[in-house]
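Undergrad: Working from the sequences, and respecting the hints, build out all of it.
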Amino acid sequence: MTKGSEQPNPLREGLSTRAVPQPCAIAIFGATGDLTHRKLIPALYNLAADGELPPAVAVIGFARRSKSDDEFRNELAQTTKQFSRQDLREDIWKTFAQSILYHQSEFEDESGYQSLAKRLDQIDEERGTRGNRLFYLAAAPEKFEPILKNLKAAGLNKAKEGSWARVIIEKPFGRDLRSAQELNRVVSDAFVEDQTYRIDHFLGKETAQNILVLRFANAIFEPIWNARYIDHVQITAAETLGVEGRAGYYETAGALRDMVQNHLLQLLCLVAMEAPTDLSADSIRDEKVKVVRSLRRYRADEIAKLVVRGQYTKGAINGENVPGYREEENVNPKSETETYVALRLSIETWRWSEVPIYLRVGKHLPKSATEISVHFKKAPMVLFNRDSTEHDQNVLVIRIQPDEGISLRMMAKIPGTSLRIEPVKMDFHYGTSFGKASPEAYERLLLDAMSGDATLFARRDEVEEAWAFIDPIEKAWAEKNAPRLTFYPAGSWGPEEADELLARDGRAWRRL
Amino acid sequence: MNFWPAMAELGGDYDDCHPEELIKMPATAETISLGLPVAIDRIDRELKKLWSEGEGAMTRASLMNLAVYSEERESLTRNTRLLARITENHACRAIVIGADPHARNDRMEAWISAHCHLSRAGTKRVCSEQISFLLEGATVKLLPSIVFSQLDSDLPLYLWWQPEFAEPMDPQLWSWIDRLIYDSQSWRDFKLQMRLVEMAQREAKQRIVLCDLNWTRLVHFRLAFAQFFDHPGSHHHFREIKNGSIIFGHGFRSTAILFVGWLAAQLGWEIRSEKNAELIELENFDGKTVRIQLQEKGDAPIASFTAQSGEIEFQVTLASCGDLLEVCRGKLGEAPARQVLPSAENDSVKLMSEELMRGGPHHVYLRAVEKVRTLL
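The listed protein sequences derive, respectively, from chains W and S.
No gaps in the numbering here: position 496 of the first sequence is 496 in my numbering, and each next residue is one more.
So the mapping is simple: my numbering equals the position in the second sequence, first residue as 1, plus 1000.
Treat the hints with caution; some may be incorrect.
[Claimed, not checked] With a Cα cut of at most 27 Å, we get these calculated BS3-like pairs of lysine-lysine:
1) W:Lys-413 / W:Lys-378
2) W:Lys-94 / S:Lys-1331
3) S:Lys-1331 / W:Lys-425
4) W:Lys-377 / W:Lys-305
5) S:Lys-1124 / W:Lys-367
6) S:Lys-1331 / W:Lys-81
7) W:Lys-118 / W:Lys-81
8) S:Lys-1331 / W:Lys-118
[Stated by the list, open to error] To give an idea of the interface, some chain W residues facing chain S are shown, with a C-beta separation under 8 Å as derived from the structure:
9) Gly-51
10) Pro-439
11) Lys-480
12) Asn-481
13) Ala-482
14) Thr-486
These aren't lab readings, by the way, just hints derived from the structure by calculation.
We put the CB at the ideal spot given by N, CA and C, even for glycine.
TA: Okay, here's the thing in structure tokens:
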């Protein structure tokens, strides 16, 4: 998954197994926002503390409020202390903070970008960042266009000879195919695809990366990873949290746009893709996009049957009463926004023919867990003269979060003179086997962007194909005679209709 | 776990001891930390019992077999202490061997214990088993058959060999090992020791990866110096470095020489001569002279390395706190931009953790040794 520079540094031999990040200036648009304080700066600090940052790095916060470099640094010190994976060490922070600067400007003000360009040139001179620029769009999506246009107007989209300019875009990448295409047009007007890094932090998680290792570095799985042996696949992203102050955004998005279009389809791609020809970013992304393209599109009349949308009503989470979605602050009391979605998908390839894929995502569910479970076909039980149950299946579970790991359920004989068999579980936990904490997803992804490795970032066609799949569902839901919204009490595992979705096929959701 | 009170005094997470079990412990100060004494033919059975009698949420974890061999007195206790810390980050089956091949009487004893640590999530205790052996007299020769029959199957064997190697080397021993860990810093005769190590490697048909902790000691310094040259635009300095100076601590001359060997191996330099104990002359690939000054000062293995290329100076210095490196690059006479990078203290646990974490072959080490073999 690495892409080395053309002239590798001979002194790195044996020391680094990944592409080395290059000196650069990182300009963060939306520098006073939550994402910068909670994720980006703590991630950069952790990289600094682990010695992973390149020798010359400058971080320039770009935002509208007026403040000095020192004020900005002091604010970041407080939040980094709160949100960093590692404790804040004064000596490391002090040195790292020297690389943080603040640039005040409105996003729409072209002159702010002209002055940014001058400041970046000066930083190159003073700090040796060599003209390399990474622009991180951590602002609200409606600000992307003015930011990108102004970056272009200031000439910041073009790197000088021997340098690079890249842009990282946070989701949402549009709210439907048309807006995604429009956003991609705006982006591509300023930055070519090679310069564009669309971040999906799910892909930066250790276990998500391990899916490819599990599948393609272990010879035992690939021969049985197909319709002949796999009965079905379930992908679950459950959250105990509700909308938690994001109601404004969530009301316009809903679970399908917020989670399925990006995170869950990305995970599905990793599970279902063919082996890439090599580990380059494009080889892997070529295979991933084929999966989305192969998803059977729903006919309008199928959506009510194959997609369940739900919304939580009042209930209890961890023993505490919580209000229903429609009673949340800033939510329309008649809101039709879904906080839960379950889908039955089909991938139309030889490998996955007749293997249903069930996805579910929901808020205010009993527990937070993201996982993929691969349910294998049952063994003929004639030998054991036993009534077949759902537990007869071997199930391979890849836990993405929390408690990252892999487990395999298999049947075993219960000790004793009679022949009784029961399921047992072989369980691998990252946290148990490896004492070292995994880096946060943003650490990995920022480092990859600095190194020019786009493997874990979504490509334009992936995003657009995903919207092309999602759009008909959203469209059907917006119709007058839309499939009805179902309800589930907070703290339950979703609406009954979601259980029926599987029950119709003689299956059940895995108990988490 | 009912026999872990023994570990309580090591400062680890061994708090649910049962006072009555103390009676089972051997009475001497050394063995009290080794756990439950067991007959060698009952080790497997006793280990199983240990887990079946365990209390609370505990998980046995193992990614490797880590055997530690020493011939020093009190080494069983000392190495148990080290393993209590190493297993915090590297779950393994630890096999600790204290040997005295020169003892007059033959003696063989074994103990089992476990090192338990709270998992990162803080919800359960993750435990690594330890089997300890005391071998005296002729029983030392039985090392492969007795000790290595206790391996956790299918997992690699790392052997941390703490004494100097001695002839004759037991060829049977090497056939078991995947990674051989040693510390050349303490070797009195580098050439002889290296010859024995390489012989072992040949006998194992190159299967053994050689892991020198003296080389591991240099990892952070090497990383810190290497990062100056990550941008291809800085590669011209490789031809232009004319001078360098290393400050090394008392007893760490070999560490400094290995660092020079690394530069020579990776930058295509050849040793021209060792002018004196304080100056090594090399020839770069353009035939130009590179002079590396060596200065012994203080206790840190490597306290600083400075290289000059034209007007530019590259400097890596160990910060006073001991676990950070200060890195700066700048024009001579001007205030350079500083950066800090992590380092590791010169501590056996940190070195072992670093080594166990890195894995992979050490081709660069072998090339570096080859370059400076005559100076070591």
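Undergrad: Which numbered hints does this structure break?
TA: 3, 6, 7, 10, 11, 12, 13 and 14
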